[in-house]
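Trainee: Using the hints, put the two standalone chains together into the complex.
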Amino acid sequence: EDKVVQSPLSLVVHEGDTVTLNCSYEVTNFRSLLWYKQEKKAPTFLFMLTSSGIEKKSGRLSSILDKKELFSILNITATQTGDSAIYLCAVQGAQKLVFGQGTRLTINP
Amino acid sequence: DGGITQSPKYLFRKEGQNVTLSCEQNLNHDAMYWYRQDPGQGLRLIYYSQIVNDFQKGDIAEGYSVSREKKESFPLTVTSAQKNPTAFYLCASSPQSGRGEKLFFGSGTQLSVL
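One line per chain: the protein sequences are A and B, in this order. Going by the numbering used here, the first residue of the first sequence is number 1, and it counts up by one from there. Going by the numbering used here, the first residue of the second sequence is number 110, and it counts up by one from there.
For the record, the hints were derived by calculation from the structure and aren't laboratory data. Some hints here could point you the wrong way.
Calculated cross-link-like contacts (lysine-lysine; reagent style BS3-like; alpha-carbon spacing at most 27 Å) [what the hints assert, rightly or not]: (1) LYS56/A x LYS180/B; (2) LYS123/B x LYS41/A; (3) LYS41/A x LYS180/B; (4) LYS179/B x LYS67/A; (5) LYS41/A x LYS179/B.
Since we're looking at a predicted model, the values are computed, not measured.
Okay, chain B solo, but in the shape it has when bound (with noise of 0.2 Å):
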């Protein structure tokens, strides 16, 4: 079945501590973006990526950083610097990116902070 896998669905992380949240898609799509959902607010835009090799800052990107080495992969990692990391995570991915096109979301990543 074609779709977006993310993993580990909860994560826990310690003070100053870098934490990598995974995903992978097999839809062949081009376009892969990372989102933030906070409770009672929308998903804020992270990263996104157009092509492999290449990415952008979203919105909130201070504290994240992405990496686009294989069209199928888009790991997120939260850094020491993102000071409010507690939040769901989605990742999604489109056949193009600025197309308008719908998104194809994964089931998310809980990250909470110990």
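So here's chain A without its partners, still in its complex pose (with noise of 0.2 Å):
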């Protein structure tokens, strides 16, 4: 069965802090990685992956995949209280986009 893990399930740090955010899986026939910010009620899209070892950046978010030890990463630099969110890992295999659990993300000032 198909499968994503994410750690921490919650995570509190002030502001200014670095933020690593883990997404491990298992899934069959794999196609990409995506990373979703949910603050209040729609998820929002931050990247997606499909290549190893390639960094994809936005101002202080960035994320890597490594395929062969089937996880990602989502790194927050110098993090502020609007990162405050829940963050959602999914990966898309054969038929559908399977979700981890979300990492809850507090920052606090």
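Mentor: Given below as structure tokens:
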């Protein structure tokens, strides 16, 4: 059965800290791995990764995929209170997109 | 503006009652999805549809039903057979299914049982 596991499930840090969120997966016929940010209701798209070792970057956020070890990390540097959210990892297999449990990130001022 | 519209934002269900959640998209996407989100859990797939007049069960389809009569619309009915329906329901769409493309999400419906 396809599975996506995120860690940690919850993380509380101070503004300005750097955080690393983890996502490991076991999926048949891997197509892509996606990261979403969910602040209130609708998840918003952050990154889509398909190739190993190629870092995707957007401002203070970056992500990389390791297809050999079957994991991805999402880094956020110089965190701000606006980064507080649930971060969702999802992996596209042969038929469907499988989501992890999410990491709840809280940034304290 | 293109997007996905879910309604209502909040919905209350009485015992034994069927309720229907609406999802409409104007993105011209072929694929549409329904997810359920419980506190502390990720999104779990209820049903998905790759084309009009066709849909498949996801991981937790029991107690739910869907239809896809139009490309733009993918309503979800929570039946009385679903014994624990309280959750946040998200509808999503993508240009095609299974291609690894990103999903576009609606704003969700919070369903509660009275």
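Trainee: Flag every earlier hint the structure violates by its number, smallest first.
Mentor: Result: hints 1, 4 break, sorted rising.
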